[in-house]
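J.: Protein chains in written order, with this note's numbering: chain W, 1 to 417; chain Z, 1001 to 1535.
Do not rely on the hints blindly, as some may be mistaken.
[Claimed, not checked] Heads up, simulated EDC-like pairs for lysine to aspartate or glutamate below, C-alpha to C-alpha not over 20 Å straight-line:
(1) Z:Lys1160 / W:Glu367
(2) Z:Lys1324 / Z:Glu1313
(3) W:Lys302 / Z:Asp1240
(4) Z:Lys1195 / W:Glu367
(5) Z:Lys1265 / Z:Glu1302
(6) W:Lys118 / Z:Glu1424
(7) W:Lys341 / Z:Glu1424
(8) W:Lys118 / Z:Asp1240
(9) W:Lys389 / Z:Glu1302
(10) Z:Lys1215 / W:Glu212
(11) Z:Lys1430 / W:Glu384
(12) W:Lys338 / Z:Glu1313
(13) W:Lys326 / Z:Glu1424
Derived by calculation from the structure, the hints in this document are not laboratory data.
Just so it is clear, the structure is predicted and the values come from calculations on it, not from any experiment.
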Amino acid sequence: MGKENSAEKALNLIRGRLCDPTSVFRPLSGSSDSNFSKLKFIVSTSITEGCNNSILLLGPRGSGKAAVLDLVVGDLMEEYPDSVTLIRLNGLLHSEDNCAFKEIARQLCMEHHLLFSKMASFDENSQFIIAMLRECGLAHKTIIFVLDEFDMFAQASDLLLYSLLDAMQSVTSQAVVVGISSRLDADQLLEKRVRSRFSHRKILFLPPSREEIDSLLEHLLSLPADSSFPSGYVSQFNEKIKNITSDTRFKDMLKTFLNANSTVNSLLKFIFRAVSSMNLESGLLSLENFKTALSSMQRQPKLEAVRDCSILELYVLVCMRRLEVKEQSSYNFISVMKEYKTIHDSFQTSDYYAQNVCLRAFEHLREREVICYAENRGQSQAVEYRPMKLLISASELHQGMRSHACCPAILLKLLDH
Amino acid sequence: MSRLKKHMTREENSKVTRRSARFSSSVTPDNPEPNPSHQPTVADLTFGEESITLDALLSSFPGRRSQILDLIRLIGPLDSPALPVMVYGDASTGKTSVALQVFRHLNRPFVYSSCRTCCSPRILFESILNQLLLHSKCSSNGYASAKRCDKPSDFVNLLKEALSSVVETLNSTKPERKPMGKMVYLIVDHVDLIKEWDKGTMILQFLFSLYSVLKMPQLGIILISGLPPDVYYSNVGYTDPLPVYFPEYSEEELRQIFLKNQANKKLYSAFLDVVLRPFCRVTRRVEELSTSLTSLFRKYCEPLDDLTISPNEDLKRRLYSNLKPHITSCLNEIFRISSRPLDGDSRGERRQKASYSSEKGEELEMLDFHMSTSAKYLLIAAFLASRNPATLDASMFDSTGGMDNRKRKRKASEKSMEKKEMAEQEAVMKGPGSFPLERLLAIFQCIASVGDSSFGEEEDEEGEDEATGYDKESKNMMSDILLQVSSLCDANFIIKSGSCPLEGSIRYRSMVSEDLSLKVARSLSFPLSKYLYRR
């Protein structure tokens, strides 16, 4: 029981680490030329020297931009308490100007312990914000604006960005605007007048190198040698981790995985899945855990959809494929039924069902998004007459049928002709 | 406290049986008006009923062992932070019921919302908030939600507040039996329906990134979707949740599922031996199979007096041969709404057998719903109007009401055969043609006069004073025709297609299949095939 308890505690600890982005990226940000240091340098100089600044953090989704920014802000809050105010906006939520200004005003009020009125109008909010900027500038306090999903702000309308950047230039203010975006051309989306006020500093977040990943793995998966765990267990666990990570099979697995998706976030998901399947009785990780995690991350949904089809649905798919091969540019349910009938007549299959049953199978395929309407216009026509098209390729259909549990041989023959 | 538990049990019980396996006997759902004197507590966020063991959970879902274990592992032990999970699979594969029963086993607080009942963002957000704030809509607060929330930005703020208050209460309560933990889980069902919503893609993106936006480790998110995760890929990029796949049941698993609730397992198992395989070739969905199999099982048991015997081989063979002719017809039906009561079934079947055409030896089906004679003629007229080109009307329906003989056919050359095939293909792709109302009425008058020769004679008469019975009837029929047209439109036999841009009159289109119109024509003894234009 004690063993299981410590195994559970270890599991919780590792899972907690994996779900918290800041704890993941701290070890990656150790070196002096990492993005963390660059960002920290820029923001801290603008705090100490009392000037305005704007930066863009760019990189694919899940590469740690927001996490690194959180680390920087956390450090700065400790170093300069009382002179840093943080305002967070998200492009998904606050791309409308009303929403954005309201949210900024609300967060400013919360920071400075003022009462926020939900009924304040747009003009009142914007005047309040500019006034606050001036006040904070005079008091030598820096406001850091974090704009997540920056490309959505840039695309929606530029009123927010323009007023912020304009206020920063005209009013005596100390503000840093940090934009985070997964689009590498986010600054191209800005309008001319906004782009001219935006400093073109960009920090690019690249996928980590192999050594960084190895060190990250070790850091994430090793248990700390403190008193909450029985010491024998800790050393056993860490020993096992070392064995696994130095195993060539594990290295190959990791390489295959990273070839497909090299962001840190996807690696975290892979490790999370592996760790969750840890055997709680033994309390140790094993290579099997990582193998099962890999296979469950590498799903092929269309193949699964074909494998789930009943035999009648497979017939419908094969008929559609044959019509495509015959170079019929468009086909609908009625033409598929004609093909079905010709197959039945020439091969005397045992699977010949009435039209309404076939229509139901057709609908099932359409719900599962294996086939779809070819165009959206013909809404007034009956389902049987609207042109359809296949959403899976011939090779996927082939593969799916070969791995199907009980696909009749004649269907495979028909597919190949 | 015990009264509260009983009330919760009753409510949760009706909730559970509605969402558990579809063919288990369901309790009539009663929604008791929540008693305003009860103060709901955080404990009500758990399942509320007796927690079940893992073995009970695994045995109540045959064929879902690996998925259940996977889900439990991903949710993790008590108080363990979790990444968002997406459970996906086809309809009726047990996703919702498994998720809910897993939470019953784990006894953790959760909040469930379905995007099928919450059909707009505002209703979805408010439903989640109501559950977290332990607010129930009753007459005292005018059935209003706790907070008004229709924008994602408001939702994030309110959700953070609600979650922190729930977590605080969880931290301070002492659980009586099984510990509840300090985490709250959010289950959103039918996420694939959000795609159809207004601004659906934005809401989906918001939902997927909710975990990273909130940054609250005490929240666990489970999304249930009918579609695989690849349909949610958008070009803006999103963080995909961890997938858990629920495949369709295999034949063996279906057998176990159907045997679970049966009284006489041996008899049902013998029944399934002969019936399950052919039906699985058509569809593997549990709900569709169960409707066909229940009616077929009734027929299977008909010759038996005692339903509790276990059959031996001889009995099995005899029962099978009795059932065999019904299997093929049942395979070709989607659902059967029995208009005749089951006891008088034998008489109805005999009547049906009489419709066998002795020369053809084929089974001719009768029309199984009732229509008035004028409606039947209208249906046929609409079908003809959609199928035949308008230019042929004059030759098809001349004043004698009979069909004009076609000009002698020339021997078809190869090019014209090809052209004929192309034209046929085009006709199939285009579907039934549209026609104005006047053409429909003209054809109707022509063919109605064919049906009864005395009709034809009386119609020419303009005189009203010696109105015979037929004449009066025909005049009455004329006035009802427009009503009949509108009722056929309501029944979707005829639909309104676009209006002609020049004249502005509405055009109609017939939606009836050829089989149905043949059935209708046969019931009127109308020679439909003579009037159909075949290219």
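J.: If a hint holds in the structure, say so; if it doesn't, say that too.
T.: Hint-by-hint comparison with the structure:
1. Z:Lys1160 / W:Glu367: Outside the cut-off at roughly 35 Å; violated.
2. Z:Lys1324 / Z:Glu1313: holds, 16 Å
3. W:Lys302 / Z:Asp1240: holds, 17 Å
4. Z:Lys1195 / W:Glu367: holds, 13 Å
5. Z:Lys1265 / Z:Glu1302: Holds. Lys1265 of chain Z to Glu1302 of chain Z sits at ~17 Å (cutoff 20 Å).
6. W:Lys118 / Z:Glu1424: violated, 66 Å
7. W:Lys341 / Z:Glu1424: Between Lys341 of chain W and Glu1424 of chain Z the Cα gap is close to 16 Å, so the pair holds against 20 Å.
8. W:Lys118 / Z:Asp1240: Roughly 34 Å between the alpha carbons, so the hint for Lys118 of chain W and Asp1240 of chain Z is violated.
9. W:Lys389 / Z:Glu1302: violated, 46 Å
10. Z:Lys1215 / W:Glu212: violated, 25 Å
11. Z:Lys1430 / W:Glu384: Judged against 20 Å, a Cα distance of about 10 Å means the pair holds.
12. W:Lys338 / Z:Glu1313: violated, 42 Å
13. W:Lys326 / Z:Glu1424: holds, 16 Å
Figure legend: structure checked against the earlier numbered hints; hints not met, in rising order: 1, 6, 8, 9, 10, 12.
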